[in-house]
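The primary structure of each chain is shown beneath.
2 protein chains.
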Amino acid sequence: MTALLDRVQQLATEARTGLPALARTSSAERDRLLRGIVHQLKIHADEIWSANLKDLARAEAEGLAKPLIDRLNLGAGRLRALAEGVEQVAALPDPLGQIVTGWTRPNGLAIEQVRVPLGLVGFIYEARPNVTIEAASLCLKSGNGILLRGGSAALETNRGLVRALQGALVGQGLPASLVSFVDDPSRDSVEAMLGLTGLLDVVIPRGGEGLIRTVVEKARVPVIETGVGNCHVYVDASADPDMATAIVLNAKTQRPSVCNAAETLLVHRDLLETWLPGALEALDLKGCEIRGDAETCRLFSRAVPASEADWDTEFLDLVLAVKVVDSLDDALDHIRLHGSRHSEAIVTRDLESSERFLHEVDAAVVYVNASTRFTDGGEFGFGAEVGISTQKLHARGPMGLKELTTTQYRVRGKGQVRG
Amino acid sequence: MTALLDRVQQLATEARTGLPALARTSSAERDRLLRGIVHQLKIHADEIWSANLKDLARAEAEGLAKPLIDRLNLGAGRLRALAEGVEQVAALPDPLGQIVTGWTRPNGLAIEQVRVPLGLVGFIYEARPNVTIEAASLCLKSGNGILLRGGSAALETNRGLVRALQGALVGQGLPASLVSFVDDPSRDSVEAMLGLTGLLDVVIPRGGEGLIRTVVEKARVPVIETGVGNCHVYVDASADPDMATAIVLNAKTQRPSVCNAAETLLVHRDLLETWLPGALEALDLKGCEIRGDAETCRLFSRAVPASEADWDTEFLDLVLAVKVVDSLDDALDHIRLHGSRHSEAIVTRDLESSERFLHEVDAAVVYVNASTRFTDGGEFGFGAEVGISTQKLHARGPMGLKELTTTQYRVRGKGQVRG
Numbered sequence: 000m001t002a003l004l005d006r007v008q009q010l011a012t013e014a015r016t017g018l019p020a021l022a023r024t025s026s027a028e029r030d031r032l033l034r035g036i037v038h039q040l041k042i043h044a045d046e047i048w049s050a051n052l053k054d055l056a057r058a059e060a061e062g063l064a065k066p067l068i069d070r071l072n073l074g075a076g077r078l079r080a081l082a083e084g085v086e087q088v089a090a091l092p093d094p095l096g097q098i099v100t101g102w103t104r105p106n107g108l109a110i111e112q113v114r115v116p117l118g119l120v121g122f123i124y125e126a127r128p129n130v131t132i133e134a135a136s137l138c139l140k141s142g143n144g145i146l147l148r149g150g151s152a153a154l155e156t157n158r159g160l161v162r163a164l165q166g167a168l169v170g171q172g173l174p175a176s177l178v179s180f181v182d183d184p185s186r187d188s189v190e191a192m193l194g195l196t197g198l199l200d201v202v203i204p205r206g207g208e209g210l211i212r213t214v215v216e217k218a219r220v221p222v223i224e225t226g227v228g229n230c231h232v233y234v235d236a237s238a239d240p241d242m243a244t245a246i247v248l249n250a251k252t253q254r255p256s257v258c259n260a261a262e263t264l265l266v267h268r269d270l271l272e273t274w275l276p277g278a279l280e281a282l283d284l285k286g287c288e289i290r291g292d293a294e295t296c297r298l299f300s301r302a303v304p305a306s307e308a309d310w311d312t313e314f315l316d317l318v319l320a321v322k323v324v325d326s327l328d329d330a331l332d333h334i335r336l337h338g339s340r341h342s343e344a345i346v347t348r349d350l351e352s353s354e355r356f357l358h359e360v361d362a363a364v365v366y367v368n369a370s371t372r373f374t375d376g377g378e379f380g381f382g383a384e385v386g387i388s389t390q391k392l393h394a395r396g397p398m399g400l401k402e403l404t405t406t407q408y409r410v411r412g413k414g415q416v417r418g
Numbered sequence: 000m001t002a003l004l005d006r007v008q009q010l011a012t013e014a015r016t017g018l019p020a021l022a023r024t025s026s027a028e029r030d031r032l033l034r035g036i037v038h039q040l041k042i043h044a045d046e047i048w049s050a051n052l053k054d055l056a057r058a059e060a061e062g063l064a065k066p067l068i069d070r071l072n073l074g075a076g077r078l079r080a081l082a083e084g085v086e087q088v089a090a091l092p093d094p095l096g097q098i099v100t101g102w103t104r105p106n107g108l109a110i111e112q113v114r115v116p117l118g119l120v121g122f123i124y125e126a127r128p129n130v131t132i133e134a135a136s137l138c139l140k141s142g143n144g145i146l147l148r149g150g151s152a153a154l155e156t157n158r159g160l161v162r163a164l165q166g167a168l169v170g171q172g173l174p175a176s177l178v179s180f181v182d183d184p185s186r187d188s189v190e191a192m193l194g195l196t197g198l199l200d201v202v203i204p205r206g207g208e209g210l211i212r213t214v215v216e217k218a219r220v221p222v223i224e225t226g227v228g229n230c231h232v233y234v235d236a237s238a239d240p241d242m243a244t245a246i247v248l249n250a251k252t253q254r255p256s257v258c259n260a261a262e263t264l265l266v267h268r269d270l271l272e273t274w275l276p277g278a279l280e281a282l283d284l285k286g287c288e289i290r291g292d293a294e295t296c297r298l299f300s301r302a303v304p305a306s307e308a309d310w311d312t313e314f315l316d317l318v319l320a321v322k323v324v325d326s327l328d329d330a331l332d333h334i335r336l337h338g339s340r341h342s343e344a345i346v347t348r349d350l351e352s353s354e355r356f357l358h359e360v361d362a363a364v365v366y367v368n369a370s371t372r373f374t375d376g377g378e379f380g381f382g383a384e385v386g387i388s389t390q391k392l393h394a395r396g397p398m399g400l401k402e403l404t405t406t407q408y409r410v411r412g413k414g415q416v417r418g
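These protein sequences, in sequence, are chains V and D. For what it's worth, the numbering used here labels the leading residue of the first sequence as 0, then goes sequentially. For what it's worth, the numbering used here labels the leading residue of the second sequence as 0, then goes sequentially.
To be clear, the hints were calculated from the coordinates, so they are not data collected in a lab. Treat the hints loosely; a few may be bogus.
[Stated by the list, open to error] Here are the in silico distance ranges between beta carbons for each label pair:
1) D/Asn106 <-> V/Arg268: 30 to 36 Å
2) D/Pro19 <-> V/Asp5: 37 to 43 Å
3) V/Thr16 <-> D/Ile98: 39 to 45 Å
4) V/Ser185 <-> D/Gln8: 32 to 38 Å
5) D/Ala2 <-> V/Val169: 38 to 44 Å
6) D/Thr1 <-> V/Gly172: 57 to 63 Å
7) V/Asp332 <-> D/Ile98: 53 to 59 Å
8) V/Ala2 <-> D/Leu336: 23 to 29 Å
9) D/Ile98 <-> V/Arg268: 49 to 55 Å
10) V/Gln97 <-> D/Asn106: 26 to 32 Å
11) D/Ala2 <-> V/Val257: 38 to 44 Å
12) V/Glu354 <-> D/Gln87: 30 to 36 Å
Model, not experiment: these values are computed from the prediction. C-beta: ideal position from N, C-alpha, C; glycine also.
The task is simple: from the sequences and hints, build the whole structure.
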């Protein structure tokens, strides 16, 4: 562990030495760098694919689950799509140098708050090699160095991708260390990164609940928590029934494996006989398992009784917990107790219910009459997504390029001193 | 420790149950609450003073240092000044409900980013009882509950102040638990607070380096780091000599015990004979000890040789480290290596030096031709100060009311689902 610690510390230290050179680049130069990455991905495509095949072969030999193997795969046009994503990031407006606000004090001091890079960003992620390219291009675009630590399943692929990234840096006369890679996918390397106080300006974990929990427990560096979503749809007594069905179906079944999918349906008692049976039929037709409270189970024979744990579970699967509530207040209480502060939706035609839900639910994104599935950088129009923050400091909700920056106050005087 | 943990957890849980009631108050109601605090401080003044006398007597019996005893003292008009401070916070504009930005997506979804409270804020501080009132009034104004944990020296005083704060809450029909007090000034109570994952939305430590380090090491809740300042003044070859002397004297001697005071002077070699001797004389006249590099010591007989550690030390006293540098680049390198990213100043008449310093120094506040002492919520015009953040996430530099808030996305649709 000590040798590993030293190595990771050394990597971060070297990455930091490259930051001043990156800070001196213009916006146009950083965009050229990103186009250099696109070029490198093209010329190294064969090498990356052969590395990817090794990872895929090992994954199959080790009997990894099919969806995980699919996420690993960079074949079938996915590498090209990844390169196109980098082109799109290059085309986004530069967040750096933006003057957020500015004013002059009575004593003549001119104060400007300017957007600047965070510095060195640590990314800890699991099997998806596309994160290597996406995270690096977003960080370089916003003037940050990056220390990457990906999962073991994608190790060979990540090595190839990092060579392409570093090739682009060198091609633009920048230090290769601005993209550094912890070539050790063990748990220990995660812990080593989390202890780099003063060397990493922030760590962003992308992965399942286990990874996120480790990061929150062990980190001695600032962290942006992402991802876990136990999202609810509450169907109010006044809801348009067809709209409610469409939103519930979409929130649960359009892509159940992601964090902004709904996990629990809360239904007002007034809809128990009129709307709920049809909605449950429609969910059942889509292959969705229903875990209901006592009343739901009485109403719908194919429902299984929900356990206490189900109200707190992010199923990430075609499973929906269903509960009948007596009022908006009951729904708000349930969400307060079980929600993960990610995305929450109400379907209603009542203005007061709508306003109360918007103002009283404590979550990153709150919806009236829309699916929770819209919590996404692309759907918000950010052009890129760094992740979805479920914490309250710095960034909350979908994060774009701006969230990879901080600000600095620049103060210009004429010799002012404090009295 | 387990009993303490349970108690602190219980306090935080109770404080959270009050949050929905606070969230429903209007801006005018919260201002009335703050005026209620002013009233309570007046009617309970005798009780608070007698508690304060007990703390002062114990502090003298235990031989506490004079400046610490002075900070404890709420006599001699200080309680009145504290109440006036609360009046001023009440008069500040409300940060809540501000629409930071908003837009409509092509599919018709209307997205608003709205400023909302953080939730429950933990304040960990040392001997200064005024923090109890200042932190609580800032938190309540911005819709947050607060869990306070002050130092042992001010225990009796804090109990009295908290009774006044809770009296004001009850007087406005709000739960007293919105201001909760950990009535245990041990180290263990700090650790107990730092483990309240999911119960505290943020912890703000205010105190010396030791406290800040404990918080960074042990926290499993989000933290805003405040305070440590190893600030530099760099006097460029082109500096106006009188302006340089005035700024260095002010930055070092006007109030040496605070974080925005300068600790190291960097001087361009060209000024070695022309400016430096006079500046050192002036500092010496103010009683400032000079710890110089070899050249400074050769030049000024009352200088003592600086040790390696001196370049990294926040003296918080009339002590200044002095180093001669060959160029702006040397100064930038020294600051990169030794600065604490708090406040850094250059004195110069050269445009390129000014621009390079502003763009290349990584600190919360960077000054051209002004004293570092202006890094302060009051001096920035914020009307209140929560602390000075030296981290890059969420808030950087002086923090006002806005930094005690987060944002929430509110999305209004007409039945939109994701395709």
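Where does the structure disagree with the numbered hints, that is, which hint numbers, in rising order?
Hints 2, 5, 7 and 9 not satisfied by this model.
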